[in-house]
Structures are given as structure tokens and as C-alpha cells.
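Engineer: Throw the hints in and build the complete structure from the sequences for me.
Here the protein sequences line up with chains V and A, keeping their order.
In terms of the working numbering, the first sequence opens at residue 1 and continues consecutively.
In terms of the working numbering, the second sequence opens at residue 1 and continues consecutively.
Just so you know, these hints were derived from the structure itself, not from any lab.
Some hints could be false.
[To be verified] Derived lysine to any residue pairs resembling SDA-like cross-links, with alpha carbons at most 25 angstroms apart:
1. A:K278 <-> V:Y135
2. A:K8 <-> V:I138
3. V:K107 <-> V:D79
4. V:K107 <-> A:P160
5. A:K278 <-> V:E75
6. V:K69 <-> A:E299
7. V:K69 <-> A:E269
8. A:K8 <-> V:V106
9. V:K69 <-> A:P160
10. A:K321 <-> V:E75
11. V:K66 <-> A:T293
12. V:K69 <-> A:T292
13. A:K278 <-> V:N191
14. V:K136 <-> A:V27
15. V:K107 <-> A:Q296
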Amino acid sequence: MNRIHQKLKADKKLLSIYFTAGYPNLNDTVSIIQELEQAGTDMIEIGLPFSDPLADGPTIQESSTKALKNGMTTEILFDQLKNIRKSVSIPLIIMGYFNPILQYGVKDFCKRCQEIGIDGLIIPDLPVDVYNENYKHIFESHGLINVFLITPQTSVERIHFIDSISNGFIYMVSSASVTGSQSGFGNEQTNYFKRIGSMNLKNPQIVGFGIKDHETFTQATKYTNGAIIGSEFIKFISDNPVTSISNFTKRIQP
Amino acid sequence: MSYNINEKGYYGEFGGAYIPEMLYPNVEELRQNYLKVMAEPDFKSEFDKLLKDYVGRPSPLYFAKRLSEKYNTKIYLKREDLNHTGAHKINNTIGQILIAKRLGKHRIIAETGAGQHGVATATVCALMGLECIVYMGEIDIERQAPNVARMKMLGATVIPALSGSRTLKDATNEAIRDWINNPVDTHYIIGSVVGPHPYPDMVARFQAIVSEEIQWQLQEHEGTKKPDYVVACVGGGSNAAGAYYHFLEDTDVNLIAVEAAGLGVDSGESAATSVLGKEGIIHGSKTLLMQTTDGQITEPYSISAGLDYPGVGPMHAHLYKSGRAEFISITDDQAMKAGLELCKLEGIIPAIESSHALAIFEQKTFNPNDIVVLSLSGRGDKDLDTYINYFNL
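Structural biologist: So this is what it looks like as C-alpha cells:
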């Protein structure tokens, strides 16, 4: 059974953390992952940096630019991760834009992910229909779960469609926005979380975008299965040593 | 083989809509409505009337006698430079603002590189009384001060793109992010035949007026609707798409696309996407783009700010790969000389983008009886500083 499925069965609100591979330093990847697991993180999204990250705000874009400047490449990331399963057992997801994956070769990319022990992929600009027609069989034959996004603007019909082709969890984008641009959750978000929570979807939902502290984490997970923190963690790791990561997770889950 | 778009939004294998889910409702709303709106009689009549009375269409198809004599062939210039705001860009912004109004949008965003599309967008927003926000790379803002001033005079807000390389591609990223953040009330006017479906097709249809006019104007001049060659410069490719549109399926008409080689195709300072690019995804479209082996998008260079885009529209990627169009790269130097030559021979100061197209007459020989229609996409006023510095005028 995929580690993501196992984790989702646990009776708790999952804390998932995103970081950009190669940031702040090229070789921080493995130690960040290890520290995050030890600090109680349930799941990790490893960001494959891209020059033109459309769905991301300034914090993640700057971290990507820096990571690329540091020399991060797809091959280097795979090399850094090749022994990761000797020390880390929580689910690992690679999150990246489609073009670098396309250039690596989708099949080769999936193969490397499987060898390393990556559990899933999040590719924001790989459209659902293209995935279904061209890539679903490749992902599945390499044991990879592909995670799709929904937003407050996604129609009910489309949510059901995305639910039907998903096989892990649904990434609920909290509001109409890029990453890192929200200032907290209001009624609009709460109603949205509640609305999706009551749709009886077959896949659990995990909320992302705008989670930055204990309060927003609690709000986001009241009606859902967990939450993903990205920009706020990038800010933390910019200013603090990797060894102090547990200070961050304690802020979210005291 | 068809050279136009198919029902799924692809030109051959290129095109599609590779967009994050956050953009899906916006793009889908446009996809479902653009053809319907464009077919409405009141839309057509308003569009046609504005093109005639406001833009000044039809633009002349001018037989360039002295240029033709020099190169011993028949050269016609399609004078898009005579449009209001000085280029073909306004054909598209008029069309899109009318669509935006019919979709109930009251906030308009756009990206711009040299500022031509930004000015064309600010112009139609002033015309329609809509709020206008233009994203422009911080570096471009510095080097295109007159166009920044024009946009401000027209009432637009110019927001500097501070991310990445701070040029056109980053301005496009910022505009897309704005659209993600404002999904309900905002329309994004993309300036070229790039971006996710339906943009390449919608923009091509608005620019198609160029080839529609060429057909009947050539009939008047030469007694035939068909030129032997249609020549246009390609950055993203909107003026070329317009000039080719009604000739796409008629393979008797040869299409020539002229790209900017910058300092030379192998110099590392170039924007010749067909030569240097590889298939991939840029700004929501599968097309040819300049990138590293690792799939990171690289920064192109050309003396012409309108041609230094790291991709080409998916229509052009298909025209290139299928061999339907011939692609020629022209260096800064060749283009600048050709621009100056047109000034001296015909009394027309061309935009440096169009000068790239003009430079092919030194590179390629045509038969004396060939009819060559060249899209003179813009006028050179905006480029005076560049011409002055280049030739020490």
C-alpha cells in the first residue's frame, strides 16, 4: 500500500510541509526532510524548482530562483534523494511544474521516483484531461499517486470528476490566489471548507495556500483531513538553521 | 493536413491549455464564449465599425516600387504601421475588450514587453472606460520610458514585474498571477498568439483582418487574391498569424516567418526560437521555447523588444515543424540596415520588428514576377532612440 494511503487512514489532522529543493543551500534537501520527519511532519512536498512558477507568489518564486542559482537540477535532486528511504518513512511527494518533467521524460521521471520511493506527484500545470489521456497509465504503473487541485471557483461537477480520477487526496486551494498571499481565513473560506467537506467525496481533502500558524491550521483542518504549509516554512528556513525546524512545527501544532 | 486549430485547441501537436486549476474557470469561461460572442451580429458590427473609424482600417496595401526595383521582384507592404497606436496590436485589443465587456468584466490586465501592446490595451480601456493594469518588467520600464508615459496618460496603472529576469516573460507571469487572484471581474488581454487555448486562436482571429484585406486589395492591384509569398516577423507571432490566416490552407501561397537572431544564432544572445527552441510548455501552451536541457526557460535577446520572447505561438510551432512556413533568422545588424534602407527608398520608418522581415530581401532571391506581401507590422517612432544610437544619427 502506498505510504500516502496509510497515512490518510490515521485518525489525525495531517501536517504537510512544502519546501523548495536546493534552498537555502543546494545540499539542504536531505537534512530538511529528516528534520521535518523528526519534528512530527506527516507528509512532505519536495519542490522541484522552476524558472517560471505561475501559481506561486513571491516567496516560493524567490526560493526557486535561488535554488536554480545554487545549481539545482532534476538529476541532482534525484541523486540527493537516492538513499532517502534508509532514513525517512513518511510519504514524500514531488511538486513541480510540467516543463522540467517533460524535458526529463515523463516515463524516466516516474521511474526514478519509484526507485527512490517517492509516493506521489503534484504538477499544477498538468491538465486533468491531458493526464488522463497520456500519462495516467505511466504514473500508475510506477506506483505514483497524482494529486489534483480544486479551488473555491471549481464547479461541483468538476469536483466530482476530479474526485473520480483521483486516488489519494484532493489538494484544496483555500482561496482564489497564488501561494503565500493570504492574510488569514474568513467566513468565505470556512464555508468553502464546510461545503467540500459535506460533498462525501471518495478522496480525503488537504488544504493548501494561506496556512501559516496554529489558528489557520486549525481552521483549515476542521472540516478536512489536513493542511499543507509552503511559503511560511520557506520564510522560516530562510532565517533559521535546519536543526531548529521543530520550533516551526511546534508553532503549528503546539 | 490542417494548419489551423482543431476542436481540442491544438495546432498539430502544439497548443492546449497547460494551466493550473486556479486559472481553469477563467480560461474555460473564455473558451466557451469567444466564438459565440464573435459570431453575434452586434459584436461584428461594433468591431468592424471601430476598426474602420477608430483604428483607420483598411490599412493600405502599398506597392513599394523602389524597393521592388532594387530586389527585382514585386513587393507589397501591408501598412499596419498606419493603424492608430502605430502597429497591428490594436486589432486584437479592440476585439478582446469587446469580448470582455460582453462577459461583464470591468477590470482589464495585460502584459507588455516594449510597451506596444500595453499602449494598445490602455488605449481601448480608455475608449471603453474600463480599469487598466499593465504588467511590465522592471528592466523594460527603464528602457521604454515613452511608452510607460503613454500608458499613464491613457489612464493605465503600470506595475513593474520584479521577479525572475524582470522582462516580458516575467510580466506575463505576473499578469497570470493577477488573474489567479482576481478570477471573477477581470479579463486578461494577452497581446500575442501565445498562452493557453483559446488565446492563440482568438488573437489570430482578431488579427485575421490583415490577410482578409490583403486578399481583396491584391485583387485590385494584381487581379489575383493570392500572393506568392507572405512575409512577417515572429516574436510571439500575432502579426504573422494575421497575415497568414486566410492563406494557411492554400499551399500555393508560401509563408515566410522571420525570427530575431540577435547577435547571431550561435552567439548565446538570440531569440531565434525555431532554431534554438525545443518542445515544451510556456505560459500555458505546448510549443517551441528556448530552455535549458533541464527545462528552465531562458532569456532571449534581440535589439527588438517586440521579438525577444523565449517562445513562439503554437500555430507557428506547427507551421515550422510541418514545413508549411519557411523560418529565417535575421541578426540585429541585418535588421537595422534593412530598416534604414526602407527609410531611404520608400520614405517609411519601420519598427525594428518589421525591419527584421524587410531584411530577408538581402538573404533570399525572389523571381521578378513573384508577388511578395510583407507585413509592415509597426512604425519606427518608438525605436528612434535605438536607431539614433545604432547609426550615430
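Engineer: Please go over all the hints and tell whether each is borne out by the structure.
Structural biologist: Against the structure, the hints come out as follows:
1. A:K278 <-> V:Y135: Holds. K278 of chain A to Y135 of chain V sits at ~20 angstroms (cutoff 25 angstroms).
2. A:K8 <-> V:I138: Between K8 of chain A and I138 of chain V the Cα gap is close to 23 angstroms, so the pair holds against 25 angstroms.
3. V:K107 <-> V:D79: Roughly 17 angstroms separates the two Cα atoms, so the pair holds.
4. V:K107 <-> A:P160: violated (39 angstroms)
5. A:K278 <-> V:E75: holds (19 angstroms)
6. V:K69 <-> A:E299: holds (14 angstroms)
7. V:K69 <-> A:E269: holds (20 angstroms)
8. A:K8 <-> V:V106: holds (22 angstroms)
9. V:K69 <-> A:P160: holds (23 angstroms)
10. A:K321 <-> V:E75: The given pair, whose Cα atoms are some 29 angstroms apart, is violated under the 25 angstroms limit.
11. V:K66 <-> A:T293: holds (18 angstroms)
12. V:K69 <-> A:T292: holds (13 angstroms)
13. A:K278 <-> V:N191: It is violated: about 45 angstroms lies between the C-alpha atoms, which goes past 25 angstroms.
14. V:K136 <-> A:V27: holds (24 angstroms)
15. V:K107 <-> A:Q296: The given pair, whose Cα atoms are some 19 angstroms apart, holds under the 25 angstroms limit.
In this structure, the earlier hints numbered 4, 10, 13 are contradicted, and the remaining ones agree with it.
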